[in-house]
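There are 4 protein chains.
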Amino acid sequence: MKSPISDYLTEIITDARSATGGEVADYIPVLSEVDRELLGAALCTASGDLYSVGDDEHAFSIQSISKPFAYAVALEERGPEVVDARVGMEPSGEAFNDISLDEETGRPDNPMINVGAIAVTQLIGGRSASVDSRVGLLLDRFSALAGRQLSIDERVAESELAHSDYSMAMAYMLRDTGVVTDTAEHAVTSYIRQCAVLVTVRDLAVMAATLANGGIQPITGQRVFSQAVCRQVQAVMASAGMYNAAGRWMTTVGIPAKSGVAGGLLGTLPGRLGLATFSPPLDPQGNSVRGVKIFQRLSEDMGMHLMGAEPTGDTAVREVEVTDAATTIALQGPLDFNGGEAFLRAAVDCAVPSGTVVVDLARVGRVHDVGRRMILEGMRRLRGDGHRVMLRDPEGRLPGPDLGDGTRPETPDPVA
Amino acid sequence: MKSPISDYLTEIITDARSATGGEVADYIPVLSEVDRELLGAALCTASGDLYSVGDDEHAFSIQSISKPFAYAVALEERGPEVVDARVGMEPSGEAFNDISLDEETGRPDNPMINVGAIAVTQLIGGRSASVDSRVGLLLDRFSALAGRQLSIDERVAESELAHSDYSMAMAYMLRDTGVVTDTAEHAVTSYIRQCAVLVTVRDLAVMAATLANGGIQPITGQRVFSQAVCRQVQAVMASAGMYNAAGRWMTTVGIPAKSGVAGGLLGTLPGRLGLATFSPPLDPQGNSVRGVKIFQRLSEDMGMHLMGAEPTGDTAVREVEVTDAATTIALQGPLDFNGGEAFLRAAVDCAVPSGTVVVDLARVGRVHDVGRRMILEGMRRLRGDGHRVMLRDPEGRLPGPDLGDGTRPETPDPVA
Amino acid sequence: MKSPISDYLTEIITDARSATGGEVADYIPVLSEVDRELLGAALCTASGDLYSVGDDEHAFSIQSISKPFAYAVALEERGPEVVDARVGMEPSGEAFNDISLDEETGRPDNPMINVGAIAVTQLIGGRSASVDSRVGLLLDRFSALAGRQLSIDERVAESELAHSDYSMAMAYMLRDTGVVTDTAEHAVTSYIRQCAVLVTVRDLAVMAATLANGGIQPITGQRVFSQAVCRQVQAVMASAGMYNAAGRWMTTVGIPAKSGVAGGLLGTLPGRLGLATFSPPLDPQGNSVRGVKIFQRLSEDMGMHLMGAEPTGDTAVREVEVTDAATTIALQGPLDFNGGEAFLRAAVDCAVPSGTVVVDLARVGRVHDVGRRMILEGMRRLRGDGHRVMLRDPEGRLPGPDLGDGTRPETPDPVA
Amino acid sequence: MKSPISDYLTEIITDARSATGGEVADYIPVLSEVDRELLGAALCTASGDLYSVGDDEHAFSIQSISKPFAYAVALEERGPEVVDARVGMEPSGEAFNDISLDEETGRPDNPMINVGAIAVTQLIGGRSASVDSRVGLLLDRFSALAGRQLSIDERVAESELAHSDYSMAMAYMLRDTGVVTDTAEHAVTSYIRQCAVLVTVRDLAVMAATLANGGIQPITGQRVFSQAVCRQVQAVMASAGMYNAAGRWMTTVGIPAKSGVAGGLLGTLPGRLGLATFSPPLDPQGNSVRGVKIFQRLSEDMGMHLMGAEPTGDTAVREVEVTDAATTIALQGPLDFNGGEAFLRAAVDCAVPSGTVVVDLARVGRVHDVGRRMILEGMRRLRGDGHRVMLRDPEGRLPGPDLGDGTRPETPDPVA
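Protein chains in written order, with our numbering: chain A, 1206 to 1621; chain B, 1206 to 1621; chain C, 1206 to 1621; chain D, 1206 to 1621.
Keep in mind the hints are simulated off the structure, nothing from the lab.
Please note that a few of the clues may not be correct.
[To be verified] Restraint ranges, calculated between C-beta atoms of paired labels, are given here: (1) E1308(B) with R1222(A): 31 to 39 Å; (2) Q1354(D) with T1386(A): 24 to 32 Å; (3) G1341(A) with T1225(D): 27 to 35 Å; (4) T1528(C) with E1600(D): 50 to 58 Å; (5) E1309(D) with T1386(A): 49 to 57 Å; (6) T1386(A) with S1348(B): 54 to 62 Å; (7) G1605(A) with P1489(B): 39 to 47 Å; (8) D1529(C) with E1600(D): 23 to 31 Å; (9) Q1490(A) with E1286(C): 30 to 38 Å; (10) T1612(C) with S1356(D): 49 to 57 Å; (11) R1593(B) with E1282(A): 50 to 58 Å; (12) G1331(A) with S1356(D): 57 to 65 Å; (13) P1489(B) with R1613(A): 45 to 53 Å; (14) E1282(A) with G1284(B): 29 to 37 Å.
[Stated by the list, open to error] Every beta carbon over 12 Å from chain D, so not counted as near; a handful from chain A, in silico: (15) A1376; (16) V1525; (17) G1570.
No experiment lies behind these values; they were computed from the predicted model shown.
C-beta atoms are modelled at their ideal positions from N, C-alpha and C, and glycine is treated no differently.
Build the full structure now, drawing on both the sequences and the hints.
See the structure below:
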């Protein structure tokens, strides 16, 4: 059987072709030369299943879609305090080229507007890094995210440099407030080269899925960012990624997203998947016309609205088996707070007043720290109530299962 | 065994007592009389499990926390087009009392600032509704959300009316742009009475959980709002609920939230749970000092950051059992897109080239529309590939299981 | 001979008829009923010579042109400190209906925008004055300015009251910041009645000439305002009278001005004259299309640009007559700083080293305080140098001519 | 006798020493090294009488006081249309370093804020001028204004260049909107060199007096700017010269002014005089503390408020002498509209019904174009009424005295 998901995607991009409006970016000649009918889409689950259709091998410059990833690199490298001191995280209520810096702090409002992105790039590699060193670090991380070696489109970079007055203005303002210390030329060159990295929709979907998966590239299994960094990056994308239409986008589409002027559009659903589309014609806000249409359709048809997540908590308790010998609470899936709560409820409901209770983690994928603490506390209490408590954990999902008194739970016989 | 969750909550609110700053609202005398040491917290899962601690039976006026619920009532009653024509959904980048209306449309920026909330209330019950009728409708809905009959604190309402110059100004501006057609006095009175509804943290947690649960009150099981309305309300809370600090709040705490001047704070995690705290002293932004501290701690300790959701997709396939007679794909939990994708992957991997495939939904809680379509399409393709396809669905989770040619899948013998 | 000035004015308004654009205000029906072809103009010198042409007897509502005069009444009655604490004097950079109040002080930006004008009106007659009392005081002063009893157009006042949502919003905001303490209804009613005072272009030209003449109505000779008040009112008209086009207006026309929505336009040239036009069709900024054209033409043709004032200082020394007996320095005109400087130069140049010097003020109209001090100081120094100093001042223009040692200058024989 | 004016000025600056607050500009080291007790003041009448006291020979960098003069040079050289297309003339309501460009036009708000001044300087000498050429042209004009050869402080220019990030940002923004076409480095260098021109308070007072005198340097007699240019420059100084405090300044001081960060302050009274002070300590708005105090005192004591001009019209008619032979109307001073009006009134009042009327211009300094037209029209009408009209004009103040029918008025016998 062939998976229908690619067919779904094909149907959706075919349907999106009916949107004929929009203009290809023409502020630099090299962008305007692109075939406006190019169209591709890709989807990658947090488990690493990648689907793509249309012009999914066509490489285009990443442009502003680089912003969330450069922000993630900066957060990873310098820590949130240092980054926070240089770039805020509030929506600016303005367009992408808003230049205003905070009156008190001299900081850009957020890392998704251009002036904020220039500031972010300068944080990478330290104060005295060369342009090549900064861009090299970024390219390495972007490549790790995509799972393949990426490269820079030198024609795009050159053309952008030849039309960089506004960026130069922003870099000088950042120098003036002390956010940038390198020369304005270096700052702008680094930023422009970052934006000229060539990607396909397949790359972007996997990069997005890495954020959605808490920082672990779901295909290579490499941890690229910490979970905390991914949380912060996706939160800022949600509030500021679509510039001054972020509120409406999150209401109607509900997928944290970032668009690029070359026609790319990327979205993430935390814990679930990454999405990407490519189609050059842009709407007046600078977002890909067909890309927006595809995201809207996916959100509606596929239930991908962040705020429309289905209740999942009860899934954690796979089964409660009560025999004469023991009550077995079999858990599964990832164990977050809701999973832990479901387990505790099952434990409270334990029918047998004082018999053996087996907690079975054989089917559990990963255990959140909170889940681990809740399971351990539940086991401690069960023992405190007089139960004999056993833990079945063949994969070792529950590290350091100390029951609070230095002892560890017994392991049941390998019957099941 | 006693559940440790209440003990967790107790520990957290005890810890929050160390935050001694903040000022009780004193713009009306009746609010300033409150005991500043009152402190309560509650948590309600989307499954309807309610935990509460501290002063959890103390009733206080809901104030601005009424805004998301009134917005939901208006959306439910009038539809998103009518509401959208009167109130936007972008963060205003300003404080709660920002009065600016959109230059072109005359609309308030969003329903979370006061001027937007006044406009929203006027949408309820239709143009010619009396104050009593509008407020009656709201009180009914709020009561349905809380699962008990709520009432209005007449002293608070009276006191607010006596200090309502700014609200009157906003109502007159809304009249001027045609958003409000009733008298300014009626508009302000309706809004003030809405804000004076008395609630406890238990009420608020359940009300929040109803939004998180897609509109079904998780304890009474009553559908109060549609899933689409809950999505929109939570999205607007995320982008504008914490006024001009919404970006930082979503980054650091990651829980769509709304605070009230009486000391309440409410949060929702879509698909997961509702939260509420009560503690009167407010920070300069008007948010409960201890409430904020509790939310921060819950987000950190309990992994409740919206953008830190754990991958859950693979949970959907409970088991794939291959026997000589058949391959059984047992599903479980709610089936959303990721669940559907996991099922389809299992179907593609089906070892038996042409035998019987049983899709077992016995453990499935609910099936998203997208999940239903993906399961049906998978079954159609399996049959197209030559399989005999059977559906085990004792609870009828998959309505209208048409295989595309007018036939329905067979039901396996009730062996399992 | 008939003065050609009226013929000039007639020619200018005839020429202005070629401007056929603009729309008559129609936000209230009573204004929209006016004949759009009505056209009048008037000019009154600071000496009280009044010229008028066209529909110069047609009465229309004064509207916003009342603002500078109400501001003057408030300044006169309450003093600049009290007024300044309630209303600022900076251009707002916004349109007439800008509602923003200063964040720190809660004050409107200036008295020429509507919200500032409402605040100003409430200063008149004291905190507890009734609407009738406030409006009565204003009407008395306006009548003194016009030199005849003015009245209120009750139909206009009623119609404005029926469309006063925006004004009510402003009044409530002013109550909220404590600038207004009366009820919003009273504040708006007072302001609306002030705007409904009926005037002709002849009235307005004389009212303007009173400001230009330092507060003395040039026809009746009554002092209505102090010189300091007139200075302040004209300065605020210059910077904020034409709302957000004030800079361009002062650059191209150069006459401090104020327009009204009924079609009136008033201008002042300090020390020189007052101007007024009436023609109902308005441009998009709310200024009379033909009125603006007439002002532009007058400024260009008649050299009326405030910044294009001709040097006048040397005029002060009418004649220096040197005889054997004495050197007579005959002064004339008003004596300001430049006049005083010219006198002192003549005194320094006094040919006779030690003879008699006669200072002749027979032709002097008025002596500024600064002029008086400069003349006295010059006479003291002449005497200190050994001159016999005499003062001819038949009209008593130089009060208290003490020479610094308790003596007064001699008076020459009445020969000349 | 010694003129008391210098003594007045000395007294005023001595009094100003009591103001000990303010900080010397320290954003570049070379400015911070100045002696903060330096204090000078100068006053130059439109007739060219120059008074100065204190450190009146100390040279300091002109800084922002160069802005109105560079604007005048640009207007003179390129015409108002070209300049207007690049720089607006509205107050920005913001501080001196406001960077916002008009959204539609890309223009700076006005030429008094830094970004506007950079744009203005680039208009001088044409698009392809070198830095040296542009600065050379400016230096020539500034020298003509001062009446002596000025030079540039190279240390100041170098130091400013080393701290020019903000200026570079502004230049790049102007390049981005097309207002500036030269390189940003050239634009900033030209502007910085313009600001580093060395001047004394005597220079500034004469430069200001040239504006007040309609463009004729009152000491050298050289016409440097046209009257129209002076009008525009002084109007823009009035509305925007003191940045966001311009309204209050014009209300309380009433002298169009411009301050510089080195401690200079310049003011003009059209038709009357120019003023300048120098004292390095600045208030938080960047204006010289003692300079402001001196201006306030001069305005109050010396009646120099622009809006407090004394009525002067009647001064024009020196005498009306009625003899049997003729009625002689002797005029004097400059003849503007008000002077013309006074003459016409005298003509209308002519007692003799049909005798000879002599118009005597022997004492007239200059005749405004409007005055000329009014006198001629009066003479034509007198003749039309049957009078014999004669003109006494020994200095030829009334060029082309055509009476409307090709004839010229007779000249009376040189009796008087």
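Quick rundown of the hints versus the structure:
The beta-carbon spacing between E1308(B) and R1222(A), approximately 36 Å, falls within the hinted interval of 31 to 39 Å. Taking 24 to 32 Å as the suggested C-beta distance range, the pair Q1354(D) and T1386(A) does not conform, at roughly 42 Å. For G1341(A) and T1225(D), the hinted distance range of 27 to 35 Å is not satisfied, since their beta carbons lie about 57 Å from each other. One distance hint, 50 to 58 Å for the beta-carbon pair T1528(C) and E1600(D), is violated here, with the actual separation near 25 Å.
Judged by the Cβ atoms, the range 49 to 57 Å given for E1309(D) and T1386(A) is violated: they are separated by roughly 35 Å. Take T1386(A) and S1348(B): their Cβ atoms lie about 59 Å apart, and the range 54 to 62 Å holds. The given range of 39 to 47 Å is respected by G1605(A) and P1489(B), whose C-beta atoms sit roughly 42 Å from each other. The given range of 23 to 31 Å is respected by D1529(C) and E1600(D), whose C-beta atoms sit roughly 29 Å from each other.
At about 50 Å, the CB distance of Q1490(A) to E1286(C) disagrees with the hint of 30 to 38 Å. A hinted range of 49 to 57 Å holds for the C-beta pair T1612(C) and S1356(D), which are about 53 Å apart. The supplied range of 50 to 58 Å is met by R1593(B) and E1282(A), whose beta-carbon atoms lie about 57 Å from each other. The beta-carbon spacing between G1331(A) and S1356(D), approximately 45 Å, falls outside the hinted interval of 57 to 65 Å.
Range check, P1489(B) to R1613(A): Cβ separation about 49 Å, and the 45 to 53 Å hint holds. Taken as a hint, the range 29 to 37 Å is violated for the pair E1282(A) and G1284(B), whose Cβ atoms sit roughly 48 Å apart. Non-interface call for A1376(A) relative to chain D: violated, since the shortest CB-CB distance, roughly 8 Å, does not exceed 12 Å. Here V1525(A) stays apart from chain D, with its beta-carbon at least about 65 Å from theirs, past the 12 Å limit.
Against chain D, the non-interface label of G1570(A) holds: every CB pair exceeds 12 Å, the least being about 51 Å.
In summary, the numbered hints that this structure violates are 2, 3, 4, 5, 9, 12, 14, 15.
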